[in-house]
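Peer 1: So the protein sequences, as listed, match chains A and B.
Numbering of the first sequence is given in the working numbering, commencing with residue 775 and proceeding in unit increments.
Numbering of the second sequence is given in the working numbering, commencing with residue 544 and proceeding in unit increments.
Derived from the structure by calculation, the hints contain no laboratory data.
Beta carbons: idealized from backbone N, C-alpha and C, even for Gly.
Treat the hints with care, as some may be off.
[Stated by the list, open to error] Using 30 Å as the maximum straight-line C-alpha spacing, the simulated DSSO-like pairs for lysine-lysine come out as follows:
1) Lys1037(A) <-> Lys820(B)
2) Lys859(A) <-> Lys831(B)
3) Lys1085(A) <-> Lys907(A)
[Said to hold, decoys possible] Simulated DEER-style distance windows between Cβ atoms:
4) Gln592(B) <-> Arg843(A): 29 to 35 Å
5) Lys771(B) <-> Lys1037(A): 49 to 55 Å
6) Arg829(B) <-> Leu832(A): 39 to 45 Å
7) Ala938(A) <-> Gly586(B): 56 to 62 Å
[Claimed, not checked] Covered stretches of chain B (in silico footprint by chain A; criterion: 3 or more residues with CB under 8 Å from a CB of chain A, positions within the stretch not fixed):
8) 610–621
9) 643–654
10) 708–721
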Amino acid sequence: METSLQAPVIPSPAVKDTVSIRKRIRRSFRQIRMESVFKQTLAIAGLLLVILVLGILLTLITQSIPSIRLLGLKFIWGSTWNPVKDVYGAFPFLLGTLLTSFLALVICIPFSVAIAIFLGEYYPTGWFADVLKNAVELIAAVPSVIYGFWGLAVLVPMVRALEARFGVDQPLGVGIFSASLILSVMIIPYAASLGRQMIRMVPEHLKEAAYGLGATRWEVIRHVVLPGTKSGLFAGILLSLGRALGETMAVTMVIGNSSILPKNLFAPGNTMASVIANEFTEADKTVYLSALIELGLALFLVTVIINIIGKKIIDRFTNE
Amino acid sequence: MVSLGMLSLLSCSGKSHHLIGAGSSFDNPLFSKMFYSYFQSKGMKVNYQSIGSGGGISQLINRTIDFGASDVPMNREQDSLSPARVLHVPVTVSAVVLSYNLPELRDTLRLSPRVLAGLFLGRITQWNDTAIAALNPGVTLPDLPVVIAHRSDGSGTTNIFTSYLSLISADWASGVGRGSSVNWPAGLGGKGNEGVAGLIRQTHGAIGYIELAFAMQNKMAFGKIRNKTGRFITPTIASISAAANIPMPADGKASLADTDAPDGYPISSFSWVLLYKEQDYRHHPREKAVGLLYLLDWMIHEGQHYSSDLYYAPLSPNAVNAGEAILRSATYDGQPILTHHN
Chain A
775 METSLQAPVI
785 PSPAVKDTVS
795 IRKRIRRSFR
805 QIRMESVFKQ
815 TLAIAGLLLV
825 ILVLGILLTL
835 ITQSIPSIRL
845 LGLKFIWGST
855 WNPVKDVYGA
865 FPFLLGTLLT
875 SFLALVICIP
885 FSVAIAIFLG
895 EYYPTGWFAD
905 VLKNAVELIA
915 AVPSVIYGFW
925 GLAVLVPMVR
935 ALEARFGVDQ
945 PLGVGIFSAS
955 LILSVMIIPY
965 AASLGRQMIR
975 MVPEHLKEAA
985 YGLGATRWEV
995 IRHVVLPGTK
1005 SGLFAGILLS
1015 LGRALGETMA
1025 VTMVIGNSSI
1035 LPKNLFAPGN
1045 TMASVIANEF
1055 TEADKTVYLS
1065 ALIELGLALF
1075 LVTVIINIIG
1085 KKIIDRFTNE
Chain B
544 MVSLGMLSLL
554 SCSGKSHHLI
564 GAGSSFDNPL
574 FSKMFYSYFQ
584 SKGMKVNYQS
594 IGSGGGISQL
604 INRTIDFGAS
614 DVPMNREQDS
624 LSPARVLHVP
634 VTVSAVVLSY
644 NLPELRDTLR
654 LSPRVLAGLF
664 LGRITQWNDT
674 AIAALNPGVT
684 LPDLPVVIAH
694 RSDGSGTTNI
704 FTSYLSLISA
714 DWASGVGRGS
724 SVNWPAGLGG
734 KGNEGVAGLI
744 RQTHGAIGYI
754 ELAFAMQNKM
764 AFGKIRNKTG
774 RFITPTIASI
784 SAAANIPMPA
794 DGKASLADTD
804 APDGYPISSF
814 SWVLLYKEQD
824 YRHHPREKAV
834 GLLYLLDWMI
844 HEGQHYSSDL
854 YYAPLSPNAV
864 NAGEAILRSA
874 TYDGQPILTH
884 HN
C-alpha cells in the first residue's frame, strides 16, 4: 500500500483517472485530520496533567491558609506539635522525613548499584539473572503494609538486639534507624532497574574497544560503563528518593511515632507523611486540619525542591 | 416501650431503603452484629462505615450519612459547624484498660490515678519506683525502665483516656490536656489498638492503653485502677456497667470518667449514636427518618443483648430511659416520629 504523508498530492497531468486522484486527496486530508486529532489528544492529556498538579498545589495552599495565618513561619521551625493547644511546629517531622529518606538512600546505594552492574554487565541473561530480576521487581510490588508488618515482627527485634549491644540506654527497636532500613529495602528496585537499563544502553563498541586495548572487566566498568551511566544511575536513585519521602504505612509502623525531636538515629521520631495519615481522619478542628494540609504542602515542596536539585545535578553530569 | 407512630406512609416497607452510618471504629464489631441481626429480623439494611469518630461527625455535619457514631460528644467547634441540632443517644459502654508487659509479675498490677499520670507524664521512669511499689505490697517489681505506648492515630480511645487523666491530674490538664491526639510527653506511638498492643507485646517493661474488648479478645494482661472510693477495680463488664449506672443528664452526654460508683471502673465511657433532631432535611425522606428512629430504638433495647458476648457493657436502665426520651424528641417536619405505645 502506498502511504504517502506528503499531502496534499499534486495531481500530475500524466494521471488521467480523476476519480482516483480525488480519492487520494480525500485520504490525504483524512490523514492530516487524523494527525491533528492525535496531536491534540496528546496535548490535552499533557495539559490535564499540568492542571492536575497545579490544582493539587492550589488546593493545598488555599486549605492551609488558616494555619499559615495562625502560625506563619513558626510552622516550619517550631518543634512542638500540640493539637490540644493549637500549636503546630512541623520541624520534628521535617527532620524525620529527611533523615529517614537520606539514610535509606545511603544504605540502598551500594545494593542497587551492585544489582544494576551485575544484571547489566555480568549476567544480563540466563536463569539466575531472571530469578534475580524477578525478585527485585517483586520487592517493588509488595504492598508497603506488608513491609510494615515484617519490619515490626522481624526487623525491630533485630535492631533492638543491635541497640542493646551498642549500649543504647533504652533499646526500643522502633525508631529512625528501623524506618530507614525498611525504606532502603523498599526503594532498591527503583534505583536498580533504572540503573540496569542505563548500563545495558552503553554502546557495545565502546566496551569492545576497551577490551581490545586490554582492559579488565573491572576497568571497563570503572572507566567506560560507570562514567557513561552516571546520570542514569543518579536519576534512578533520585526516583527512589521520591518514593522514600512519601512512604507512609511501613514507616509509621516502625518509626515509633513520637513528636519529640529525635536525639539520635535510634530514637523514635515521625515523618510528615506518617503524621498526615495518622491524624487526618480525626482532626476535629479547622486549624488542626489546616495544619495537617500545610504539612502536605510542605511535603509537596520538599519533593519538588529535591527533584529540582536532582535535575540540576543530572544536567551537570551529562554536560561534562 | 416505645414503638413507631403509624401516622405516616411508613408502611410502604416493600420499598427497600437502607440506612448509612459512619463513625467510631470501636463500635464497629458490636454494630456489625447488631445490624446483621436487625437485617435478619426486620429486613432493613444498614451500611456502617467504620472510619473513626471524628470522620463520622464530619460526615454527619456534611449530611452525607443518616447517623454518626462517636466515642466522644461533639465539641464546640463541631457544634457550631453543624447545620442543625444533633442528638446524642448513648448506645453502649466501653472502657480503656492499661495493658503492660511485665511477665515476672504474678499478681495483677495495681495503679492509682497519681501513678498513672506520673507514668504518662514521663516522671516515673522505673518500674521499681517507690510510688508503684507502695501500691503493690509484697510484689517484687523489676528494675526496668518504663516504656509508654500510646496511639499515634487520632482516636476516641485517646480522648477517653486523656479526659480521664485531665480530670485526675492538674499537671496533665495544664501540660497536655485532652483530645483525640495530644502532644505526648513520653513514649512510643502505635497505629490503632493493634499497633499499641504490638508495641506492648514486643517491649519488656511497656505499658499502654487499649480498649477493653481488644485486650480481652487478645488475652492481654491489664491492671487494676484505684477509683474515687479507693478500691482497686479490675475492668470487667460488671465494673463498667456499675460505672455507667448513674443519673443521666437530659442530653445524654454523661461523662463516666472517674466515676463516683464504688464498684465502677474509673476509665469508662459511653459511646453515642448521633442524629439530627429535625430529620426533615434535603434528600432525607420520611421513610428514612422513621426507619432510622426504629433502628435506634431497637439498638438501645433488644440490640443490647449482643453486648456482653463482644465485651461491651449493656446500657443501664437509666441510660435506656434517657435514650428513649432523646429519641422521642426527634421530629420530622416538626412532628414527633416515635410516639408512646404500650
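Peer 1: All the hints need checking, so say for each whether the structure fits it.
Peer 2: Going down the list of hints, with the structure as the test:
1. Restraint check for Lys1037(A) and Lys820(B): the C-alpha separation of about 51 Å exceeds 30 Å, so the hint is violated.
2. For the hint pairing Lys859(A) with Lys831(B), the CA-to-CA distance comes to about 40 Å; that exceeds 30 Å, so the pair is violated.
3. The straight-line distance between the Cα atoms of Lys1085(A) and Lys907(A) is roughly 27 Å, inside the 30 Å bound, and the hint therefore holds.
4. Gln592(B) and Arg843(A) have their C-beta atoms about 33 Å apart, which keeps the hinted 29 to 35 Å range intact.
5. A hinted range of 49 to 55 Å for the beta carbons of Lys771(B) and Lys1037(A) is inconsistent with their spacing of about 39 Å.
6. Checked against the hint of 39 to 45 Å, the pair Arg829(B) and Leu832(A) passes, with Cβ atoms roughly 42 Å apart.
7. Separated by about 60 Å at the C-beta atoms, Ala938(A) and Gly586(B) satisfy the suggested range of 56 to 62 Å.
8. Chain A is given as covering the stretch 610–621 of chain B, and this holds because 3 residues of the stretch bring a CB closer than 8 Å to a CB of that chain, at least three being needed.
9. Chain A is given as covering the stretch 643–654 of chain B, and this is violated because 0 residues of the stretch bring a CB closer than 8 Å to a CB of that chain, at least three being needed.
10. By the rule of at least three residues with a Cβ nearer than 8 Å to a Cβ of chain A, the coverage given for the stretch 708–721 of chain B holds, with 3 such residues.
The structure does not agree with the numbered hints 1, 2, 5 and 9 stated previously, though it agrees with the rest.
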